[in-house]
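S.K.: Residue numbers (the numbering used here), protein chains in the order written: chain Z, 1 to 397; chain P, 1001 to 1150; chain B, 2001 to 2381.
Among these hints, one or two may not hold up.
Unchecked claim - Derived lysine to any residue pairs resembling SDA-like cross-links, with alpha carbons at most 25 Å apart:
1. P/1139 <-> P/1009
2. Z/133 <-> P/1089
3. Z/133 <-> P/1084
4. Z/133 <-> P/1044
5. B/2220 <-> B/2017
6. P/1110 <-> P/1027
7. Z/133 <-> P/1043
What the hints assert, rightly or not - Pairwise CB distance ranges (calculated):
8. Z/163 <-> P/1115: 46 to 56 Å
9. Z/163 <-> P/1002: 37 to 47 Å
10. B/2238 <-> P/1003: 55 to 65 Å
11. B/2043 <-> P/1119: 50 to 60 Å
12. Z/39 <-> P/1082: 50 to 60 Å
13. P/1030 <-> Z/318: 47 to 57 Å
14. B/2135 <-> P/1110: 46 to 56 Å
15. P/1060 <-> Z/284: 36 to 46 Å
16. B/2217 <-> P/1060: 20 to 30 Å
17. P/1007 <-> B/2172: 46 to 56 Å
18. Z/21 <-> P/1088: 26 to 36 Å
19. Z/315 <-> P/1127: 43 to 53 Å
Everything labelled a hint here was simulated from the structure, so no lab data went into it. Remember, predicted model here, so these are calculated numbers, not experimental data. Cβ coordinates follow ideal geometry from the N, Cα and C atoms, glycine included.
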Amino acid sequence: MSGAKGGGRVGIIGIGQSNFRSRRDDASYPDLVREAVVPAMLDAKLDFDAIDAVVYSLSPDSIVGIGNAERLGVDAVGGRNKRFLRINTGGATGISSVTAAYYHIASGVCDVVLTAGADKVGECGDSQTVLNKIWDPTYERALPLGTINMLAMSAVRYMQRYGMTEEDMAYVTVKNRRQASLNPRAHLRRVVTIDEVLESRIISWPLRLMNCCPQSSGGAAMVLASERFIRDNNRDAVWITGVACRAETYWMGDRMGTNPTAEHAEAYALGRSFEQSYRMAGITDPANQVHIAELYAPFSNTEFHAIDAARLVAKSGESVKRLRDGEFELGGRLPVNPSGGTLCTNAIAVTAMARVAETALQVWGRAGAHQVDGARVGIASGNGGDHQIFGTMVIEA
Amino acid sequence: MELLGRQEVWNITYDHALGETASYFFTQIRDNGKIFGRRCAKTNKVLVPPRAFSDETLLPTTEWVEVGPGGRIEAFTFVYEQFNNLPEPPYAFGYVLLDGADTALGGYFKGVDLTNPREAAEKLAIGTRVVTKFAEQRKGDVLDFWFEAG
Amino acid sequence: MAYRVRPAVVGCAIRPAITARNRSLEEIIYDISQAALADAGLTIEDIDGIVVGCNDQFDGRAISVMMASGPTGGVDRDILSTPSSSEHAFILGSLRIASGQFRTQLVVAWSPTEVSSMSEAQRLGADPYFHRALPLDELSAHALQASALNHVWPNAWVFAETVAVKNRRHAAVAWPDPPARPAAGPERWPLTERLTTVPVTGAVAMVLAGEPFVAERDFKHPAWLRGMGWATEAAFLGDRDLTAARALVEAARQAYTEAGITDPTTAFDVVEITDATPYAELIAYDALGLAPRATIAARMAEGWFARGGHLPVNLSGGVITFNPVFCTGMIRIAEIANQVRGRAGLHQLPGAQLGLAHAGSGFAMQYQSAIVLGAAQGDVS
């Protein structure tokens, strides 16, 4: 295959992220994209001429209020007259975009690919209004569905199956807020107590305000390159060794009833996606081979079934006790969401990219105050749609 | 410096074709106060609401099956927060497996006191029997019916 | 070659004009996906991954891929979506095959007409900072491009009329009994009603497979991907030379480099161009290197691009015949795939061996792609 680009493995050579906040009235939407792209390019020590292609990360247009807003972002990513396309898989968009960038290189077509995006969730007023429109207009949109209500129902089923309590959910918030307090890029950084979580107002029972992610504004960007480029140009890199995506049924009611393939309490397709990415990376015992996990969990309860699906515990539901025992906190056996995770920062279009970026920084040893000592193998995930489309990655030093 | 903002509204109307399957479902609700599902011949599962094809087998569904009006609760939540363009809280809604169905149908729960969510959660616990109630005036959508315990 | 594994198109289904309202959008997507699988002689069990091209504003759904996952076969499969354009779904599907990590991909795109005003849906794509207050929809942007071309090339309007007539004549062969004859479109000067077409509902799907799978299943007539290029213009029309299509020049350069094409004026048997307007087709002749602008007058006079000419363009009738706005790009690719597979139907060019598909979309063709497909696999290095 003479002349082919993209030889060998695919590595990450540059990362940029905003300091995520509620509102960014000082910056337009493309300004926020640029804010992440510039540090990613500086980190990769590359000029835009070196970029073969751009994968643009943007979930529903209606959140930023601009139709096909990726078109407006072309200059922010230096995309003029370059290969450029956009990905949208809802909340999974960020990891799906890194995945698409990965295939640009793995195909042999490109050597260096930039993926970037941003969100200004705070500007849409009420994301649940927009997110009601993800349900089909035929049967379900007339119901007061939103992502919070949807996952409150997952919590109710998880409680019934495994005995998870409101207090168990509060532990997740307390852990992630404590970790976010160490991460200057996180949005909600105030440390909270169990009692504060349990006294915060109910949004959709059993979810209280502090069980819910914020509406964040900010951008994220990553530069990926072929192993050959990395070697020839003497770059430092971490490697994407496993990558996968799986979907499950759109119909929430099909995840209940008689023997559903995908149970709504769990994250069936997330588990299937992890199976595939572990197989690719040669990981057979994730609970012992993985050192750090950034698992997309926008509500406290969903961190439990994400840990279950990633098989960081022997069987579903075991995550609850082990989390309360401190196994998944910074300093514990296998830290989950040391950045504070989606629960503390959710700029929807790039949230799942932040999971990949944070995992990469960890195995690189560059995570800063929330660094997991000795992390060499990390995993990241993203969830999109009505808990329907899942992306997973294994990243290694 | 002075930072400006601008309010923009998206206001677009769509006229979605419902297709034959959903059209039958909604006319049965509107005209007869009955709920129908569609059977997948391969898995024998009755899909409610009815789908023209099963997303698991990718085969067309083959048979109309009347389901309900009784059923059991599969999931619920109580909403205490006001969201833009959604109903005034508090309200209860969720999913019910109607008798004869294999998948759950979404709808409101009515007749539940939501003053204390934990007490309400016990009244609507998963597995609780409910019955489907229909509005007197029906227009052919999922708000024509709701579920009540007992 | 550029790819680890060479992709091929092994199944196509094109429905450029769906008029009946007896199927919901989900059901239309189910129908087109099943039709492409049937054309390939495969079932969903053979499909490793899916890429859909869909647009939330046209579909009236946020995160449209959610609704599409079931009908395309996405349950328990790997599915991604490219809302930037339909052609990008083909491109990403091809990259996935080329990586060698997938045997097959199903790529699907559609464009409904359920929105009360296509123009209003498109105007949401104008940024709220500088342009939203202007009456800027896609047709207006095409009109601005047309008037820019008329300025630098004073006879362009004459050739635009000729292109429209040519494509409508092609349609008479391709669709003697068409599903519908859409009315002429609205006017935006200099785009007269003869140069535009009312949008219709349409859908398209293709099955892609890598070389090992093509060999294993012994597909007799795959359309091999020989070269693929894609690029974007800047967002603001004011930043662009609307007459030049630089992104298309770049896309063609990428595709021709991969395909080893040195003289595009003679390389192809058949071409499909996204004639969002006939002016777009004129710009593409030049940008794709099919005919330098100075030669186009002479070429058109001798019927070079017409049926029976040296290089027939848009034997399908093109977008001016059927304009399912969002999926016109992927339809052009599927048309060329069918031509080199010998399955183009009434408008088959006998013996077509190498074809070029141009896909363009967005305001004044912001996104540009060039796809080269061949009956032969090409170099195997």
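S.K.: Each of the hints needs a verdict: does it hold here or not?
M.R.: For each hint, the structure was consulted:
no. : hint                          : result
1   : P/1139 <-> P/1009             : violated (29 Å)
2   : Z/133 <-> P/1089              : holds (19 Å)
3   : Z/133 <-> P/1084              : holds (13 Å)
4   : Z/133 <-> P/1044              : violated (31 Å)
5   : B/2220 <-> B/2017             : violated (29 Å)
6   : P/1110 <-> P/1027             : holds (23 Å)
7   : Z/133 <-> P/1043              : violated (31 Å)
8   : Z/163 <-> P/1115: 46 to 56 Å  : violated (25 Å)
9   : Z/163 <-> P/1002: 37 to 47 Å  : violated (55 Å)
10  : B/2238 <-> P/1003: 55 to 65 Å : violated (24 Å)
11  : B/2043 <-> P/1119: 50 to 60 Å : holds (51 Å)
12  : Z/39 <-> P/1082: 50 to 60 Å   : violated (39 Å)
13  : P/1030 <-> Z/318: 47 to 57 Å  : holds (48 Å)
14  : B/2135 <-> P/1110: 46 to 56 Å : holds (47 Å)
15  : P/1060 <-> Z/284: 36 to 46 Å  : holds (41 Å)
16  : B/2217 <-> P/1060: 20 to 30 Å : holds (26 Å)
17  : P/1007 <-> B/2172: 46 to 56 Å : holds (50 Å)
18  : Z/21 <-> P/1088: 26 to 36 Å   : holds (31 Å)
19  : Z/315 <-> P/1127: 43 to 53 Å  : violated (23 Å)
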